[in-house]
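Got chain S; can you put chain X on it based on the hints?
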Amino acid sequence: MIRRIYLIFKKEWLHIIRDIRTFILVMLMPLLLCNLLSLVFSTDIKDISVAVCMPESSPRAMEIVGKLQNNPAFRFRGFVASAAEGEKLMKSDRLDAILIFHPDFDRIYEKIDNGDSDFTPPIEILVDASNCVTGNAAAMYIRSAVGHPQSASDIISEKMLYNPGLLSAYTFQPGIMAYVCVFLCAVLSAVSLVREMESGTVDALRTAPVTRYETIVGKLLPYLIIGIVSTALAMLSGMLLHGIPMRGSISAIILLTMLYIITSLLLGLMISLFCTNQTNAYVISLAVVSLPVLYFGGIIVPVENLPDWGRHISDLLYVRWYTDAIRKLMIQGVGWSQVLRETLNISYTTMLLLVSCIFKLKTNR
Amino acid sequence: MKTLAQLTAFVIKDIRQALRSRAIVAILIVYPFFTLFIVAHIFNFGLDNLNIATVDMDGSSISRRIVNGMENSDELTLAAACTSYDDAYELLWKGTVDCIVVIPPDFESSVAALDPQQIQVVLNAVNTTKGTLGSKYVSGNILTTLSHCLEEYGVSTSGTETISESYLYNPSSDYILFMVPTVLLTIAIALCTNLTGTSMSNEKNSGTLDLLNVSPMKKSTLVSAKILTCYLFSLLEMAVVLFIGKLAYGIPPMSAVFPIFIIYSLFMWGIAAFSVIVSNFTESTVQILLMVSLTTTILQMMSGAYTPVRSMPRWLQAINCANPAQYLISSLRSVYLKGARLSDLTLHISVLLASAAILWSTAILTYKKRSL
Chain S
215 MIRRIYLIFK
225 KEWLHIIRDI
235 RTFILVMLMP
245 LLLCNLLSLV
255 FSTDIKDISV
265 AVCMPESSPR
275 AMEIVGKLQN
285 NPAFRFRGFV
295 ASAAEGEKLM
305 KSDRLDAILI
315 FHPDFDRIYE
325 KIDNGDSDFT
335 PPIEILVDAS
345 NCVTGNAAAM
355 YIRSAVGHPQ
365 SASDIISEKM
375 LYNPGLLSAY
385 TFQPGIMAYV
395 CVFLCAVLSA
405 VSLVREMESG
415 TVDALRTAPV
425 TRYETIVGKL
435 LPYLIIGIVS
445 TALAMLSGML
455 LHGIPMRGSI
465 SAIILLTMLY
475 IITSLLLGLM
485 ISLFCTNQTN
495 AYVISLAVVS
505 LPVLYFGGII
515 VPVENLPDWG
525 RHISDLLYVR
535 WYTDAIRKLM
545 IQGVGWSQVL
555 RETLNISYTT
565 MLLLVSCIFK
575 LKTNR
Chain X
33 MKTLAQLTAF
43 VIKDIRQALR
53 SRAIVAILIV
63 YPFFTLFIVA
73 HIFNFGLDNL
83 NIATVDMDGS
93 SISRRIVNGM
103 ENSDELTLAA
113 ACTSYDDAYE
123 LLWKGTVDCI
133 VVIPPDFESS
143 VAALDPQQIQ
153 VVLNAVNTTK
163 GTLGSKYVSG
173 NILTTLSHCL
183 EEYGVSTSGT
193 ETISESYLYN
203 PSSDYILFMV
213 PTVLLTIAIA
223 LCTNLTGTSM
233 SNEKNSGTLD
243 LLNVSPMKKS
253 TLVSAKILTC
263 YLFSLLEMAV
273 VLFIGKLAYG
283 IPPMSAVFPI
293 FIIYSLFMWG
303 IAAFSVIVSN
313 FTESTVQILL
323 MVSLTTTILQ
333 MMSGAYTPVR
343 SMPRWLQAIN
353 CANPAQYLIS
363 SLRSVYLKGA
373 RLSDLTLHIS
383 VLLASAAILW
393 STAILTYKKR
403 SL
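Chains S and X, in that order, are what the protein sequence lines are. For the first sequence, the working numbering gives the first residue as 215, with consecutive numbering after it. For the second sequence, the working numbering gives the first residue as 33, with consecutive numbering after it.
The shape of chain S in the complex, shown without the other chains:
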């Protein structure tokens, strides 16, 4: 039996290797996506474009402008004559915020210094809130850059555990790795199984002296190897390029990833049992795998931020549990005992897929 599986494996491997362009693409994809997207997916607020509207120049106001100019979080875009002019720039998306000084800026400040509590605010910030991610943050940053004379660091000491530099790659790289892995394993195995049907070679396989299960195992094995190698490449490149740590138990990472890849392959098998041609298989795996995983798997949006119904959906996705577990393992550095819940949840899906694949294969003729 081992030998028959090996022969099917060898045949499939030759198919893959001889289509060298696809092979290169498949191997490069995780590297490219993981490393590029973990730079792209970042919600750090940088380079907030600010312009200043100062009807009457005053040294005190200039001091505040100087603070903005020297702050790396901002990109100072010069002065505008009026709020309307600034808004026009905002409309063409060249400005995030306008800082408007009151014409009586100095006089109002004198009042404040004299302890008078009845004054119009001397500084007004207009923020472009059309971008929900940057809008509020821009206001908060300007406020803390302009407003607080005493810095918070005197009173509060902050410590970021596990990710002291607050690098977003730490959060996103494991997620994107999981996404690319499920994408490759499920799509490739589904398409390769369907290809035999489309080109008619499945008849040859049916008459060959191998059982159906041996054929399937043999055909999936090369994709298991591709999955393992590409995930390993993605992890290694993450470690080298972004300095992503590998703090937890290595054996747990390896075993969990294996389980994850096998589950993804079973998913691909499941999809292939419902399709008759390659493009259909591809489109269906995109719709069934790629979209839900990307949106509900905790890869772009953190699971905690989903609405309640979204969280229920994401609880059903094994990808979400893998992402959670691998983040804990790699970044936080926990051991086996801390990821038991996640492992169990992944294995439920594995068992479910396995049973339904076998059932479907039994009834299929």
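Misleading hints may appear alongside valid ones.
Capping the alpha-carbon separation at 30 angstroms, the derived lysine-lysine pairs in BS3-like fashion look like this [claimed, not checked]:
1) Lys-126/X to Lys-281/S
2) Lys-400/X to Lys-34/X
3) Lys-236/X to Lys-224/S
Please keep in mind that the hints were generated in silico from the structure rather than gathered at the bench.
Below, chain X without anything else, positioned relative to chain S:
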């Protein structure tokens, strides 16, 4: 005239073919609803809930006020009150809490002496967004409570009321408004993979492409027809999105329809041409589809549709200047949310126009009737 007839005939053939594929029809119908009603609702990069463990070693009235201040905040939840840092750390390690606030002993007396000791805030930064925003919220909250306390000791803290803020365009931070342009982009990209990509690969697989190559049609007609089919479907989808958006959320304003149409058309033409280019350089189904999804995923993710463009490293931002999707998102948001007119968006329009023209002509030039 003859070209036009050929073009029409070919487009009709392609449309019929697309409509006969059940997967494509399902995507055409389901996708706008899926994206508008599901995807638009799940995007939220704010901080809803941060679980805090407090270690109050002082036990004074000020420290209790600080704890109460955090309890009253919408975003912060007091999940545990621990007696030692180690206990709290264990909770954080297990993931029960995300943040530990340690108030040192004799904190009240140090505040009374106007030289407050440091409060320690420890965050689990495995999730970067949570780390960054959490630290802002926690320290902001503590500082506000503290400045109230200090005022009672007679220290004037130059208040934050010297600054007034106005949020323009989307003051309630409504993510739906923010996400509609993203929905249009994802639909555009899904269509170009699923329509142009699959129709090219189907023609190659079934051998009908060879037939087309020997037909009396010019290659420019052939390529343009493929693009035009995808474009027509995308217009249909755009109309559906605008219509549902109008019914369900009351957006966009009628005056915005024409600019949206122009912007979306230019982008769609370019991106459809792009998937033809990709299929010109690839052979098998898997190659075409993988390559189209890979490249369009990258374009989409870098467009600012999900995360801000300015959060990317500078060198990526420089590369991103050539990404038409970025201009699509930016200009659609301007039109949708800020009421910008076409005249405000000359830069965006000209880049989109240029990219559509370049991609279209490249698609025609790189198409080869001769097989390799």
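Evaluation of the provided hints:
no.	hint	verdict
1	Lys-126/X to Lys-281/S	violated, 41 angstroms
2	Lys-400/X to Lys-34/X	holds, 22 angstroms
3	Lys-236/X to Lys-224/S	holds, 27 angstroms
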